[in-house]
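J.: Chains as they are written, first to last, in the working numbering: chain V, 1 to 143; chain B, 1 to 95.
Keep in mind that the hints are not guaranteed to be accurate.
Non-contacting residues of chain V with respect to chain B, defined by C-beta distances greater than 12 Å in every case (computed) [to be verified]:
#1 R83
#2 A95
#3 H111
#4 G137
Across the chosen pairs, the derived CB separations fall in these ranges [unchecked claim]:
#5 L33(B) <-> G137(V): 43 to 49 Å
#6 R44(V) <-> Q21(B): 35 to 41 Å
#7 S85(B) <-> S120(V): 28 to 34 Å
#8 W58(V) <-> S28(B): 26 to 32 Å
#9 A94(V) <-> I20(B): 55 to 61 Å
#10 G137(V) <-> A36(B): 47 to 53 Å
#11 L73(V) <-> A37(B): 26 to 32 Å
#12 T57(V) <-> A35(B): 24 to 30 Å
Since the hints were derived computationally from the structure, they do not count as laboratory data.
This one's a predicted model, so the numbers in the text were calculated from it and none came from an experiment.
C-beta: ideal position from N, C-alpha, C; glycine also.
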Amino acid sequence: MTAALLDDHLLRDLLAGSMPDALGDVLASHTPATTNYYLYRLCRSVAAAAGGALTGTWAPERRLALARQLVELPAEVDVVPMRLLAFRMAELAAAHRVSTLGAEAAAAAEHLGAPLVVWSGDDGPGIRAAVTAVGAGYLTVAR
Amino acid sequence: MSEVLGRAVLGTKYHDGMAIQEYLVSTSGQMSLPAAARRRWQLERGGPVDVIDLGFGVLTVPHGHGQGMLDELLPRDRHAAFVDSLGDDPDLATS
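Just chain V, same shape as in the assembly (with noise of 0.2 Å):
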């Protein structure tokens, strides 16, 4: 079974166990990956959110622990170290107007043989123009 590399929205999606019916056909059929760029802006995000009515009132120190321990991944995730793709981001940086989270996202693509699935409404155009250069697949997922 192939890859399918998530954004950090459907990455979200995973991990909160609430995925999207379209997320679900794709893992079915593939096993789920990431990047490390997602996964940092994920984790940014969650290290930001002030918490809801659990946790709210926790102090930052214990809202942190808990959020470090709901983005802390499955083994069944996979993520291309950035060793393997440093080069290759650099050249696709060159060629294409992507950040490095685009370039890291279409470098794990090409490196993995997997298509990138991202949510339709954080579809950036850079980002599929490069995936699409580099020959893998590019899916977005409705939520």
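Use these hints to put chain B onto chain V, whose structure you have.
T.: Frame of chain V; chain B shown alone:
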């Protein structure tokens, strides 16, 4: 196994009706879930729970609710707003 496994130790620090009770852990690491929680979570005949080790404490919630705590801490729309706030960040923007 200890005979006092899961027994609330009363009459020391806490007043009647307080939510905090002191429990004992057996030498094999076992502890009982409070009876009220067992009833509320329909675990009178046993079953799984989700346990999250936070370092400063151990959080026990009904089975299947652990993952959902991420939905509370970081709802979809809040994460989307965070990503949107990154704008033209050269490293993290969706571009």
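J.: Now tell me, hint by hint, if it's right for this structure.
T.: Verification of the hints:
1. With a minimum CB-CB distance of about 18 Å to chain B, R83(V) clears the 12 Å threshold, and the non-interface call stands.
2. A95(V), annotated as away from the interface, keeps every beta carbon of chain B farther than 12 Å; the closest lies near 14 Å.
3. Annotated as non-interface, H111(V) keeps its C-beta farther than 12 Å from every C-beta of chain B; the closest such distance is 20 Å.
4. Listed as outside the interface, G137(V) is consistent with that label: its C-beta sits roughly 18 Å from the nearest C-beta of chain B, beyond the 12 Å cut-off.
5. Remark: the range hint 43 to 49 Å for L33(B) to G137(V) is upheld by a beta-carbon distance near 46 Å.
6. About 38 Å separates the C-beta atoms of R44(V) and Q21(B), a value consistent with the hinted range of 35 to 41 Å.
7. Under the hint 28 to 34 Å, the C-beta atoms of S85(B) and S120(V), about 19 Å apart, miss the expected range.
8. A hinted range of 26 to 32 Å for the beta carbons of W58(V) and S28(B) is consistent with their spacing of about 31 Å.
9. Distance hint check: the CB atoms of A94(V) and I20(B) are about 60 Å apart, consistent with the given range 55 to 61 Å.
10. The beta-carbon spacing between G137(V) and A36(B), approximately 51 Å, falls within the hinted interval of 47 to 53 Å.
11. For L73(V) paired with A37(B), a C-beta distance near 29 Å keeps the hint of 26 to 32 Å intact.
12. Taking the beta carbon of each, T57(V) and A35(B) are about 27 Å apart, inside 24 to 30 Å as hinted.
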